[in-house]
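These protein sequence lines map, in sequence, to chains A and B. Going by our numbering, the residue at position 200 of the first sequence is 200; the numbering climbs one at a time, nothing skipped. Each position in the second sequence, counted from 1, maps to that position plus 1000 in our numbering.
Don't read these hints as lab results, they were simulated from the structure. There's no promise every hint is true.
As the list claims (entries may be wrong) - Derived EDC-like pairs (lysine to aspartate or glutamate); straight-line CA-CA distance at most 20 Å:
#1 A/550 / B/1236
#2 A/519 / B/1379
#3 B/1519 / A/287
What the hints assert, rightly or not - Some chain B residues flagged as far from chain A (calculated, every beta-carbon gap over 12 Å):
#4 1008
#5 1017
#6 1101
#7 1113
#8 1122
#9 1385
#10 1387
#11 1401
#12 1403
#13 1410
#14 1428
#15 1433
#16 1447
#17 1487
#18 1613
#19 1620
Claimed, not checked - Only part of the chain B face toward chain A is listed, based on derived beta-carbon distances under 8 Å:
#20 1031
#21 1034
#22 1043
#23 1049
#24 1061
#25 1065
#26 1073
#27 1077
#28 1079
#29 1201
#30 1209
#31 1267
#32 1268
#33 1533
#34 1540
These numbers were taken from a predicted model, which means no experiment stands behind them. Quick reminder that beta carbons are idealized off the backbone N, C-alpha and C, glycines included.
What follows is each chain in one-letter form.
Protein chains: 2
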Amino acid sequence: MTTTATTLKGQPLDKAFLDSVLRRRMFFTPSFEIYGGVSGLYDYGPPGTALQSNILDVWRKHFVLEEDMLEVDCSVLTPHIVFKTSGHVDRFADWMCKDPKFGDILRADHFVEEILEARLKGDKEARGQKVEEKKEDDKKKKKKIKGAQEAIKLDDAVVKEYEEVLARIDNYDGAELGELIKKYDLRNPKSDMQPSEPVAFNLMFQTSIGPSSNLAGYLRPETAQGQFLNFAKLLEFNQNNMPFASASVGKSYRNEISPRAGLLRVREFLMAEIEHFVDPESGKKHDRFSEVENIELDLLDRDTQLSGQTTINKMTIGKAVKDGVVDNETLGYFLARIYLFLKKIGIDTRKIRFRQHMANEMVSYSSTDKPLLVRQRLEEPRTVQEWEVTLDKKKFGPLFKKDSKSVEAVILASTQECREKWAKELQDAGKAVVEVPELGKVDVSKDLLTVEYRSRTEHVREYTPNVIEPSFGIGRILYSLCEHAYWAREGGDEARSVLSFPPAIAPTKVIIMPLSSNKDFTPHVARLSQKLRAAQISTRVDDSSATIGKRYSRNDELGTLLGITVDFQTVKDGTITLRDRDSTRQVRADTETILTAIKEIVGGSKTWEDIEKELPVFEGQEVENS
Amino acid sequence: MTTTATTLKGQPLDKAFLDSVLRRRMFFTPSFEIYGGVSGLYDYGPPGTALQSNILDVWRKHFVLEEDMLEVDCSVLTPHIVFKTSGHVDRFADWMCKDPKFGDILRADHFVEEILEARLKGDKEARGQKVEEKKEDDKKKKKKIKGAQEAIKLDDAVVKEYEEVLARIDNYDGAELGELIKKYDLRNPKSDMQPSEPVAFNLMFQTSIGPSSNLAGYLRPETAQGQFLNFAKLLEFNQNNMPFASASVGKSYRNEISPRAGLLRVREFLMAEIEHFVDPESGKKHDRFSEVENIELDLLDRDTQLSGQTTINKMTIGKAVKDGVVDNETLGYFLARIYLFLKKIGIDTRKIRFRQHMANEMVSYSSTDKPLLVRQRLEEPRTVQEWEVTLDKKKFGPLFKKDSKSVEAVILASTQECREKWAKELQDAGKAVVEVPELGKVDVSKDLLTVEYRSRTEHVREYTPNVIEPSFGIGRILYSLCEHAYWAREGGDEARSVLSFPPAIAPTKVIIMPLSSNKDFTPHVARLSQKLRAAQISTRVDDSSATIGKRYSRNDELGTLLGITVDFQTVKDGTITLRDRDSTRQVRADTETILTAIKEIVGGSKTWEDIEKELPVFEGQEVENS
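Start from the sequences and build out the full structure, keeping to the hints where you can.
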């Protein structure tokens, strides 16, 4: 967990410096900054917005178009009843504790993590080991926990224990976090006191809908719900064909207790979510699995995580399904398709791993039962033999009084196995033992309950589909992409930042630069700009008075793919130079030839290397004139 | 205002029927319908989502790409301070009144409008005139106001008065609406009582941000604010060049008192907004105005509206600017560009008019002063001669005590004209008369205040830019587009609905249909589908068992542009038929030729008529086989 991050070219990554580049170039910027800002809220400037659009464009082509998904756009505002039914009102929460002296609100798992990490760091220092720079918001943490960072050596057993706790940090509930705080005497450095017992804090933003203020509502914390609620309509739209997938791109909101620096944990974020609905009987096989089975993925399974390790398991998705590391072909197909998507947009595949969710992360919301129902007309009617229950309601009510509904619900919702057991109990003892969550074990005698094995003919099969939910936080992906695309060009007076986005993703494809403010250049610049715009290639003109070298540097930081220079030679013979961002190499040719080359590179049919083989390389110095 | 709406082909428009088609085909659907729905919230299904994407795609190309705008994506969640400063907290409200008996909440202007319209309708009936069907949610209104619809003849003068009130209905404040209710004795039909005095109801949804619940926030009611707050950063990003425009696409929220049926007044909506910032000294001219000056627009000016009329003034935008109907070239340029955008996406230009905002609709929010400031380095320093004021603060405070700040603020913010007048007063009478809003006229003597005409040299000019704000409610445009694209195909047993969207806008471009479930068709369908997908042309397959005719009808209702049929001839010789949605005519040719034709039609380089001239027309009956 404390690996040293590196740039695209293997240089040590200075995250704080990269962040400052991204802000200076307006990829993103804190919202409402002139009013002091609000943590967890960011605006995207022009390059960030273009990057986001390009990522979404590839996402739609890769998933929605390629797999014929049904894209929907649903309301963010959601009435209380929906999230009450789904369980979000009761369970969509993080654990929060308070500093007893200053009242600071802390997110409990983060607090435990920070203090234990600080102690481990202190231990390393005491042992004279090199302390690696921690990633992300290290500066902030240092400040918060400075009191806890003294170089104190720990017992080897304690180090091991702390490391195991940290490997499992996402798996503790509030009571367990509270126990860890007491057990290890974890104190808030600011007050030198243990924070209060963790309590659940619901992460949904609340509001009220309508003028009379009596309809409570929430901002959705994910887009899934809208897709589930439209399931019946979508199934009908799909002419009742299963399987099918819906997809949705839209903002979601979570009132995070402690948003982290950067775009990794924010309060308002763009999500792209897919809900792939399959028949549980046939949906584990996937028609197109053979297309992806040889793709190798880095997998981190549940058992490895539970053992406190972070060892990666590299294997083909074919083998992972065969060995049961991944449950079935459909799931495997989506994992591979997600990997291919990330690769396509420029995520460094060496930095991708797939982590299996832990048991307590597999929150199963109850809502989905209501709207998710498929009625499949059977080609041939089928005979079903099943244990059926019959209740004598007249006797039931008076006997169980206020509990009768709970008991009845458990009986009606019971499994075949359970019913078989009851049938035997009724025959043997004259009563069945029914476990009711609120009441414990309840005896139901045979004059109230009959359980029989019966045959019936079905013309329609009803079932609840299984759902696979590939979910993408676009901001997190965008931020990771910037990190993976970043490197520093060395040589010259100072290292210069470059963001090497792939052609389809680069926010601006072409920067056009006249050598100077000479008026003869203007019509050439205007014509080039017009032609590229007509070809729908995102282009900007930089006719500022800075040197050509400075203007290229600025555009390297913006990730601009290609650069055109208009110079005195252009005025004479109509030729222009084309420069490649990553190699800084240039070619020179007439305008039409260069425009064709640009279209080929941007469209993905050729690379810069191809173009260099075809066109005369331009070795002239970048003439600086200003 | 009671014109009869017609379809694209001039047929009477049955809006309720069109709505039912749009819902059945899942263009849009009430959100949370299985929980009873929430008024003013809608989900878009697959065709609506695709339509929305296509409209936005054209919007971005037409505005952002064409004009090099700086697109940003800003937070929806906004802290209180921002909308307090901007004036939204105090003024972003509608007038609401209550039924005294039943407590129903009514939007005051709508209430006045509905009752007066009902009376006018009753008058027409009494005069034996044909009562035209009212557009939009007529059914709902009828139900609500049925008590008020008796056929009672009104005096001619009263009719004229009501009509004038209705023409100005958007221009009354709460007190005025209250007076109208009393003057005309407007009663809520449900209770037969006058509703209460109108009170302001703020339309912003409120929430709180962060775990401690003490940071109040709102969902933005428009996207403009985010662009204004980023003005300084955007100006720097634009290398301090003026003019420039920013643009933003995103959701906004308004807690409407009474959302209307359909997508015209909803509580959550997608906006596309442009903020074009210009230098007030030079920004009235526009470089590209000559490109649009001959475009004719239908204009409805302020004076015409105030006179209670709705007469349209048709003129070129060139003449409108020359005659002062439109204030300046830049504004005229944007009006014409908006017109061209609407035309491009398929809005019926016969149904477009541009209405000048009334004075009370020109809400000027005060916030923009703070973030909007341009510092322009002057090429040559300039000498400025101005009246300058100097206050003796030591004497000022003790004299005016608690009022001193108000008086000082008025003096410091005064205009040149005002200062010149004070200079004269100070010279003549030894005191200046200062008008302070809260205090009235205040005398300030010459020992407190000096006003002198002085010269100074400026190297930098500071100014607040003027802003032009083209703002698009995408849902309203989408809904209008559906209405304008709709018509009923007559002939045959029953009229069939068609949505004639332009090629770039049609949600699905091509439907591929095998003639029957014969297995020989499957590989042809798969290959065609794969080829169209590779060309990034949105395609769906309909292999349902319905007849070809029914499948075509379904796709005409979905606005699908073209249809391909795979039949027995295809299996023999590889030819396929291509059908045009609007004419239902077909051509037949080999696959590659048809694919080329599709690309040309979808890309806009050829029309169906062009293709019909090039390829053999297919006259065969639609063979129905199932």
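What are the numbers of the hints the structure violates, in ascending order? The structure conflicts with no hint, since it agrees with every one listed earlier.
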